[in-house]
Every structure is written in C-alpha cells, then in structure tokens.
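Fit chain B to the known structure of chain A by using the hints.
Chains as they are written, first to last, in my numbering: chain A, 522 to 978; chain B, 522 to 978.
Do not rely on the hints blindly, as some may be mistaken.
The list cannot tell twin chains apart, which means a pair is met if one copy fits it or any two copies do.
Derived pair list, reagent style SDA-like, types lysine to any residue, alpha-carbon separation capped at 20 Å [claimed, not checked]:
1. Lys761 <-> Trp750
2. Lys693 <-> Glu577
3. Lys761 <-> Glu682
Everything labelled a hint here was simulated from the structure, so no lab data went into it.
There are 2 protein chains.
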Amino acid sequence: MTDIEARLDAYIEEHRERFLEELFVFLRQPSISTRDEGMGECAEMLAGLMRDVGIETRIIETPRHPIVYGEIFKDANAPTVLVYGHYDVQPPEPLDLWTSPPFEPEIRNGKIYGRGTSDNKAQIFVYVKTMEALRAVTGDVPLNIKFIYEGEEEIGSPNLEPFIRENKEMLKADLAYFSDSHIHESGRPIVILGLKGMLYVELTARGASTDQHSMRATGVPNAAWKLTWALNTLKAPDNKVAIPGFYDDVRPLTNLERDTVAQIPVDEKELLTYFGIDRFLPGRVQDGYYYNLVAEPTCNIAGLDSGYTGPGSKTVLPSVARAKIDMRLVPDQRPEDIMKKLRAHLDAEGYADIEIEEFNHLIPSRTPIDNPALPVIVGALRDSYGKEPIVFPNIGGAGPNYVFTDILEQPCFVVPHATHDQANHAPDESMDLEGFFNGIRTGVRIFPRLATALVRN
Amino acid sequence: MTDIEARLDAYIEEHRERFLEELFVFLRQPSISTRDEGMGECAEMLAGLMRDVGIETRIIETPRHPIVYGEIFKDANAPTVLVYGHYDVQPPEPLDLWTSPPFEPEIRNGKIYGRGTSDNKAQIFVYVKTMEALRAVTGDVPLNIKFIYEGEEEIGSPNLEPFIRENKEMLKADLAYFSDSHIHESGRPIVILGLKGMLYVELTARGASTDQHSMRATGVPNAAWKLTWALNTLKAPDNKVAIPGFYDDVRPLTNLERDTVAQIPVDEKELLTYFGIDRFLPGRVQDGYYYNLVAEPTCNIAGLDSGYTGPGSKTVLPSVARAKIDMRLVPDQRPEDIMKKLRAHLDAEGYADIEIEEFNHLIPSRTPIDNPALPVIVGALRDSYGKEPIVFPNIGGAGPNYVFTDILEQPCFVVPHATHDQANHAPDESMDLEGFFNGIRTGVRIFPRLATALVRN
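So that you can see chain A by itself, here it is in the shape it has in the complex (with noise of 0.2 Å):
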C-alpha cells in the first residue's frame, strides 16, 4: 500500500460514523420509479450531496425522471472515466415481509436495511464519498470524471438512451464504470464485464364481456385458463423456452470467457440452502449454476392476476387475466426481435386474442475480457479487499450497458460492493457496512491507478 493509500484509508475511518449519517438521509427518501413516488424530492437531494464535495452538478430533465449529471474536471490531457449509477428503488411491497420499515433504514448485524440500500443508492453513494477523500488527502482528483445517476433504471431506463445519444460529446470518457448487483457469496470481489439485455411483456387473456358466476363454466371461456394454457406453450417444466427461435442469436460464449466462467468458485450447496430449494433448474446446455446465469437468456412470470384473490372463496369465471413477464436477453438477442417471436408464437397456437403489452425493453451487452483497463481495475480490487477477484463475462442482471459500449463506444466495467444476501427486490434488502466501505476504499485507489495507466502518450 502506497503511503497516499493508507492516508485515504485513515481518512474514510475518521469519517465514518458521518459517511453513514449522510446515507441514512439519502436512504429514508422514496423514490420509487414505477409509481412516480418521490423522485424529483431524492434528485434534489442526491445533487445536494455532490455538490457538497465539489462535483459541479446539474439535474437534466427527461420526459420521466430527472437524470442528476456531475462533472469533475482535472485537464484535457487526462483520462476520463464515466461513472453511471441510479437514485430510483424498487416498490417495497409486499410490506408485511419486512423486518423493519423499508424506508427507515436500520443496521443489524452489520448490514443496512432497508429498500434501496444496495441497489443502488450505497452503491452510488460511494462514489460520492469517494471524491471527498480524495480531495481532502491529495488535494486533488487525477482525472476527469463525468457522473451520471439516472432515475429509472428499475423501469428499464427509457430515458437514458435518448439522453446519451444527444449528449455523445459531453459524455465522452475511456471507460465507462459502475456499482451494482453483488460481489460474490464467498465475500471476492467480482468485475462484471456484461448485463443482459430485457424484454418486458404484460400478456392479457379475456374471456366473456365480464366477469360471470362460475356455473357458466361449462360453455362460456374462462380468462385464466385461456392464459393458463398460452403460457404452457412458452416454457415447459423441462425449463427451456418454447418459442420458435428464441434461442437463434445466443452468442456462444468464448473459450476464454467459457474458461473465466469455469473459474467462479461456488458452493452450490450453500446456494441451494440460500434459496431453500432441493436442486437447481436444469440447463439447456449444462447444469453449472454460474455457467447458466452468465451464458443463458431467461423467461420468467413475475406476476399472474386474474378473478378474485382475496380471502376466503368466490365463484367467478373470470372475464381478464394477466401475467407480467421478463425475459432476460443475452448477446446477440434483441427485444424486438424477441416480441415478434412472442407474437408469432401465439399466434400459431391459436392465442391471437391475447394482447401483449411492451413495458420495457434492454438490449444485452459483453465489454471484450480482453480490455487493458481491466488488469487495473482488477488489481485496485485486489489491494482493498484483500482478496483475488473474480471476472464475470456477463451476470444475470439485466442494465443499459449497452449505451456505454455500443452507443459511446466505451468498454464498460460494473464493479459491485453489495453482498449475495442482500435481497434487492425483495423484502429486507440490506447492503453490507463492509461492502460501502470497502467502496470508498476500492474508489480511492482505482481512480489514481486509472489516471496513470491510461494517460495519453
């Protein structure tokens, strides 16, 4: 550890308590993408803090939610990193699953709980943290860095593509850099080199003008079975989806990719317990756990509605029913192309009259493990964690990667700080105390490190 290092490192120590205390504020502001709840009150409040730190910081409005935008400047001549991140959450339900109020974040056990505590707000929030401690150490930060914290990444980031295709020479930078999703269950760090793409469908079933009293059953059509018997026909239990071509375009993985994802350590017994379940889904290909959350696109029901669900029992036939459905893509799949398979598909099975609507869509991205940014990025891990970490050519979830490596044509590396265990989407999502910290501490190291390695000669 270089003299400056261990400066730094002391210096995030003395501040600690302080750095939590600014979090909590940040933690206890809904913003809540999907139902619009709060996000204009944590822009405000998430520009505040950069600018507090002398991130020179606007709030750019789109047709939903405000992108926060901040800009360091050091000189022309110096490497620029882009750092992306976002300030919106998840909807907290189902609220009876928490163990304390989702938006009244509370440390137990060395974690902090609460909704939005690791995806993503701690996670950005580091950065933030990050810049003051360099400032107050060195005086200085060695490079230029462009921020931008989006608020609708858990809506599918419609705005953020628009953003970045008419900002392409604001947003210039050699790499592209972020923190989200989670290191990995043996407590290595992890770079993750690729995020799948997404196409989320909502499939509507209808069945008589209205709803009717069940004794109809014998002849009038019944919405949920309708929707019971389409979604049959899109994956059977042996899990591999049924849609003619849905599989086309997945992009082999590489031998040195297939040879990186064969190096992730796992304990899939551990997992199994994790999750509470006796075995694995099997592969279309092989069983790995790890090889199929990188390699394999996915078909999932995150919802089904239909008749009445509440308590006790009523005998309707029901007139509607709904699933919502994510499908996570993976290189070269492309949503649209998916959507008209999912179209077809129905169509052939005599499901015409089901509508599906789109919700959002991503495309999938893989930045080439063969980048020299990332035996840097590596290292810097290496030094603060103490641990040797692990690459990922891509993981299970799903981001705007690609308007880093395909619109602004920057290798783009997701670095998270979160642990396995931390629930996002989930009731009682927590981010580790350790895993913020060790944040700051990979921050203050890897920009300086950056700065150097990639100077222009």
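Relative to chain A, chain B alone:
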C-alpha cells in the same frame, strides 16, 4: 283466476311502493359472509321484517353466521312447506365496475341494481310479503310454513347440514321450496329439480423460500411456472377435465330428463352476444349450451395470484403462486372423492409439493322429475306469469339441496324470479322489478293450491 287471486293481485299492486321501500332497507344492509361483514345486523333486520307479517321468528346461532328461522302454524293435519333461502351476499369487488354503489340500491330500466338484489335478498323477501298479502286478504295462511333463511350460502353452507341433522323433527315438511337462480332468458318461469355440488379448493405452489430477483430465473424454480404447469394438467384447451376418474360417477340423464332438457328453448346467438363471446366451449358428450349446463361438471379457475400484480413492472421471481378453483359436481360425484382424485393426480404428475386447501364442498342433488307436486307448481307459475313454465332436471348453480332431498327426504323445488341478466356474483348485479312482484303473485297462488293438493287423506 279465482276471485281471491284477483283480490290478492290487487293488494300487491296497491302496496307496491311500500314493498319496495322495505326491500331497499334490507338491500342497504351489507351481509358479506366470506368477510364476516354485517351478518348479525342483517339477520336481526330480516327477523324483524318476518315478525312484522306474523311469522314467529327466532335467530338461531351457528358456529359462524346465524340462521333466521320462522314458522307459521295452521294445524297439525295441514300440509307443510319448508321455505329456504339465504340473506348473505358475495363480496362486491371489483368496485370500480359498478355503475351505482353495491349497497345503495337504485332502480334503472326496470331493474333494482345492488349486491344481493337477486342473489338472494329480493327472492327471499318475496315470501315475507306473500305471507302479508295472504293474511291481509284471506285472513289466513292455509297451511304450515317453516322458513330457514341462512347466512352462509355464499361460502358453501358449512353449518346448514349440522342444523338440519339436529332439527329433523322440527323441520318435517311435505316439500322444500325456494327461489334462487334465474328464470329463462325468454322470460318464461322455470322449476328447478336439482342443483350442482361443489368442491372449492385453493392450490398453492412454492419455489424459493422468499421472492428472488428474477435474474436468478436461470436456476431458481418459479412458483408461478410450477402452478401454470400443474393447472395445465387439470384441464386442456379441449375443455375436458383431465383428472383421472373425474367423470367416473357422473350419472347419465334419464330419458325423461334428457327429453325435458331438449325442450328448454334457447337462442344461443343471443346468449353469445350477452356473454360477448364468439362460441361456446365444446361439450364432453354434446355441444348444447343447456345440455352441458345441466349434465356436466366443471373445473373453473376462479382466481390466480402470484408475484407482482400492481401497476408498472417489477422483475421478481415469485416464491408463492395460488389458484382458487371451483369444481361444480353433478350426481353422483362426491366432493371427498374428487378431492382424493385431484391429490392423486397432482402427485402422479410430479406436483406432490403443491398444497391443496379445501374451502368448501357441497353434495349434488336431483329431485325425481315424476313427483306429484311438480304439476301444481307448474300450474301456479303458468297462471301468475301468463307463460308456460320450463322444467330443469337441474341447473348449473350449486346449492345445498341434498340437505332436503337426502337428509330430510323431502322433494325439493326451486322456483326463481330473477332474470338471466341478473349478473349475480359480478358487478352491477340486479333484480328485475317485475320478477319481484311476479314472485309474490306466484306465492299467493302456490301455497293455497298446495294446501289443497297435498291435503292428507
């Protein structure tokens, strides 16, 4: 028409507005048995209305909702009719589909709109006003009448059978009689000789121990998929129930029953328009709407619930999925036997871990079509409606007729006065105004005629 019958009709006409005012007070009182809403209050109100017309009335407690029991005693040698009905109603949801609030009855286009109007409050109030008219005009009710108005019909009448078994002597009668369901869509009155049975269950499928981020869908089982696949094994798009042995005990219609069903007039095109569908589901034996309604059992999905069902998108992998299913049974199917077959089928199909909770069950029943009271009832209906009655060996609705036919060993006749577009169990339930008054006009004819026809020799 006899002179007496003319005077009875005149009395009914004269007191029309008051009868409606009294009925509306009764309709405004919620009585949702499945949620225990307003049940005690409604029982008290009904008892008061019955006492007002000289019915000796008691409220008899059961383990859940009370039975309102009343008697009019003529003499020990007079015939006795047991009048049955229910004062409980279905939940009104979804509330946003009601034109006027469910518990604020309103007359529009000759119909009274509100929850419980046709099913069953107006149709039980008919007999209260029948007693009033008979007493006022003739000074007498010419036979013995016993009233059982229960509060648990919409939840499967769990306490009716014990009540009947414990009170066989008190409930002795020559026949059981009640008004529920609806007249034919042509406007012709009907007599129903049988009701279907019922097995209402909730299936619960489970995956991981808690909801998961849907990125884990490559490996972690999804409860909604499991439920979908399991439901798909219960009934295929051909509309035949696929549970082995489900149809084993279905009693074929006798020749007379089959001929009687064939005489039921039907305008299938009009029915299709009413339901807003293109065609009826295919039948197991034949395709007639009424043949199937009378002769065939059902397996109906009444509710589906899993994962996120709110607005917008949420990428969750549900740990629990539930389906409410009602199966309407015909003689000689037995709910406990069907339950065993369902469990065995799910086990055999690999769904031994899907839980089945029984909410309620009813044994099906069918009164012999050659009973001597039938022509008396048909004659009275013909005179009060001025239209030829139609006889149904049974209908699609379920009900506890077996307690009369099997336990009390009484023939049981159901004589509806609601119209087919009553929308019972659905939003905008209604009771036809003329149906209500036809009910009273039928009542004042049928009891005196039965008194004569059934007199003991």
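Checked hints:
For the identical chains of this complex, Lys761 and Trp750 are neighbours both inside a copy (16 Å) and across copies (13 Å), given an alpha-carbon limit of 20 Å. Taking the shortest alpha-carbon separations for Lys693 and Glu577, only the intra-copy value of 17 Å comes in at or below 20 Å, while the best inter-copy value is 90 Å. Taking the shortest alpha-carbon separations for Lys761 and Glu682, neither the intra-copy value of 31 Å nor the inter-copy value of 50 Å comes in at or below 20 Å.
When the structure is compared with the earlier hints, a violation turns up for hint 3 alone.
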